[in-house]
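Engineer: Below are the chains, spelled out letter by letter.
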Amino acid sequence: MLHQTALSSGVPQIRYVDAPRFGPGAQRVNAFIEPMLKCLTDPLTDEEKHKGRYVPPAQKRVLFEGTLQEAQAFYQQTKPILLTGRAPIARYTDGLPIIVPTQELVEEMLAGTSHKPDEVIALQSDRGGQDSSSRPTGVMSGGVERIRPKGTVVQFTPMNWTATVEKVAINAVMAGCKPEYLPVVLAIAESGCTTATTTHWSQWVCVSGPISKEIGQNIGTGMLDCGNPANSTIGRTYQLMAINLGGAIPGVNRMNAIGSPFNRGGMCFAENLDGLPKGWKGLNEEMGYRKDESVAMIVCEPAVCCQGSQFAPSAYRGLQGRGYGGMAARLGVEGKEGPHNWMEYLIPGLWSNRADTPMTFLMAPRMAQDLKDYGFNSKQEVLDWLWKKSFIPVKEYRKYGWYDAKTSGGIGIQQTSGKRWKDLPDDYMVPALGQKAFDNCIIVGGGPDEVCLELGGRGFFSGIYPVYSIDAWR
Amino acid sequence: MPRDRVYKCLNPTGIQEPVDVEPLAPRLDRLDGKNILISAQEADPVIMPALVERLKSDFPKVNWRVKDSHETSSISMTPEEMETTDAVIQGVAW
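In order, the protein sequences belong to chains R and X.
Letter 418 of the first sequence, counting from 1, is numbered 418 in our numbering, and no numbers are missing.
Letter 64 of the second sequence, counting from 1, is numbered 538 in our numbering, and no numbers are missing.
Please keep in mind that the hints were generated in silico from the structure rather than gathered at the bench.
For each residue, glycine too, the CB sits at the ideal point set by N, CA and C.
Once the Cα atoms are required to be at most 25 Å apart in a straight line, the calculated DMTMM-like pairs of lysine to aspartate or glutamate come out as:
| hint | chain 1 | residue 1 | chain 2 | residue 2 |
| --- | --- | --- | --- | --- |
| 1 | R | Lys-49 | X | Glu-555 |
| 2 | X | Lys-482 | R | Glu-119 |
| 3 | R | Lys-281 | R | Asp-292 |
| 4 | X | Lys-530 | X | Glu-554 |
| 5 | R | Lys-38 | X | Asp-503 |
| 6 | R | Lys-51 | X | Glu-557 |
| 7 | R | Lys-49 | X | Glu-557 |
| 8 | R | Lys-38 | X | Asp-560 |
Output of the computed footprint for chain R on chain X, the stretches with three or more beta carbons under 8 Å from beta carbons of chain R:
| hint | segment |
| --- | --- |
| 9 | 477–484 |
| 10 | 489–498 |
| 11 | 501–512 |
Go ahead and model the full structure; you've got the sequences and the hints to work with.
Structural biologist: If you want it as C-alpha cells, here you go:
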C-alpha cells in the first residue's frame with residue numbers, strides 16, 4: 001500500500017522505515033532511528049533523482065480464454081497471505097464462485113446503462129448532502145469523505161486505480177447482477193468503494209427511490225437477510241469492486257483487523273418509502289433529491305456493525321398498548337396507553353463507550369408510525385431530540401478512546417462552541433452522537449414486527465457519507 | 475452453454491493511470507544547523523514523543539520542529555514552512 005500510495009503521489013522512490021507497533025517508546029525508537037537518519041543523509045541514487053512520467057504496461061482487456069470450467073478456476077485463484085494465518089485469499093473474488101465475465105455477458109450487462117463502456121467513472125452530480133445548494137458530493141477514502149466537484153475521476157482505494165463503465169459491468173456480471181441493476185452498481189462505484197482499515201469498518205449501501213421497486217429489492221421482512229437477488233448481488237458488487245477496482249486484499253492492504261460480517265458477502269438494502277409515516281421524507285429527499293429520484297447512500301463506518309434486540313416485540317406491544325412491562329417501567333409510563341417514545345428506552349448504553357459515534361436506526365414501519373403518533377413530524381425532529389439527549393460533560397468525553405482521533409488531540413475546533421477542545425471547561429456539554437443531529441440517520445424498512453436495529457451513522461469523522469444519483473447512470 | 479466452448483473472459487481489475495514522477499528532495503550533507511520538521515499524521519502517542527525526545531537529545535544543534543495531528547488526512551505545510559524546512563520526517567500511524 002505504501003508503494004502504491006507513493007507512486008500515485010508521484011514519488012515512487014520515497015524512503016521509509018518500519019517502526020515497531022508495540023513496546024516502550026524509547027525501545028521502539030532504537031529499532032529504527034539509525035536507518036531513518038540515513039534516509040535523510042545518504043546521497044540519492046540515479047533512480048531516486050529520476051523525473052519523468054511513469055507509464056504502466058498496457059492492461060489486457062481479455063484476461064483469460066478457456067472453457068467456463070477453466071475460467072471459473074482461473075478467477076477463483078488464491079494466494080496465501082501471511083497476516084491471515086497463511087490462508088488462501090482470492091485474487092479476483094470474495095472467495096465464492098462467480099459468474100464468469102465472458103465478453104457476451106458483459107455486453108448484455110452494458111445494456112443496463114446508456115453510458116458508453118469506455119467512459120471513465122467520475123462523479124455525476126454536485127448534489128450529495130442535506131443542503132444540496134451548498135454541499136457538493138464527494139468520494140470516500142479511508143472511511144472519510146473527501147469533497148470533490150462533479151466530473152472528478154474516481155480513484156478506487158487503496159490502489160488509487162480508476163475504472164470504466166465496462167470494468168464496473170464486468171464486476172456486476174461476476175456478482176450475478178441483472179442488467180437492470182447496473183445503474184445502482186455504477187452509483188456505488190462512484191464512491192470509490194473504500195474499505196478503510198484496522199477497526200471493524202462495515203460497508204453497506206442503502207437505496208432510496210423508485211428504482212428499488214423496479215428492480216425488486218426486498219424492503220420488508222428479512223431485508224438484510226439472504227434470498228433477494230437484487231439486494232444480494234448488488235451488495236456483492238461493492239466488495240468485488242473493492243477487490244478488483246481498488247485492489248483491496250485482506251492482510252495486504254485491507255487491514256480490517258477482525259473484519260465485519262457485512263463485508264463477506266456485501267450488504268445492500270433499500271428504504272421502504274411507502275412505509276414512511278405521513279410527512280416523513282425518504283433518504284433521497286433528505287439528501288437533496290426529489291421523491292421521484294433514486295439514490296444510493298454508501299456508508300463505510302467503523303462504529304456499529306449491527307445491534308438490536310433490546311426488547312421483545314411483545315414487550316414493545318405491551319408498552320404501546322397499555323403501558324405494561326419493563327419498557328413501560330423504564331419510561332415511567334406504567335398503565336398509560338401509547339403512543340410512547342420508545343427511543344427513550346434505547347438511550348442507556350447508546351453512547352456509553354462510543355462517544356461521538358453517530359448511528360443509523362433501521363426501524364420497522366410500525367415503530368416509525370408510533371414515533372409520528374407520539375409527535376415527531378419528521379425524521380429530523382426525532383434525530384434532533386435524540387442528539388440533544390446525548391450531551392455529556394466534556395470531562396467525560398475526554399475519557400473516550402476516540403477523543404484524540406476525533407479532536408486532533410484536543411487542538412481541533414469543537415463545533416457548538418467554536419473553541420478548541422482542550423480549552424473547553426470540564427462542565428461544557430458536548431454531543432456524544434455525532435457533531436450534529438444529521439450525522440445520525442433513520443431508515444424505515446423491514447417487516448410488520450416491532451424491531452429496530454442500530455448501525456453506524458452517516459457521519460463519523462467529519463461530514464456525512466455521501467449519496468450518489470442512480471438515475472445519472474441509467 | 476457447451477462445456478468445451480472457449481470463451482473470452484474480461485479483466486475486472488482497475489486501471490493504473492500514468493503518473494508524473496518527481497525526484498526526491500536533495501539529501502542533507504549534515505544534520506547540524508538544519509531545520510527538520512517532524513510531522514506526525516494520525517500520531518502514535520507513544521513513539522512520536524519518544525522519537526522527538528531522542529532526536530532533541532542526540533542532535534541538539536538541529537532545529538527540530540514538530541507538527542502533530544491525530545487525524546487521518548495528511549498534514550499540509552504552510553508556504554513559510556516549505557521555504558524554511560530542509561527535511562521532513564513524516565510519521566504515519568493508526
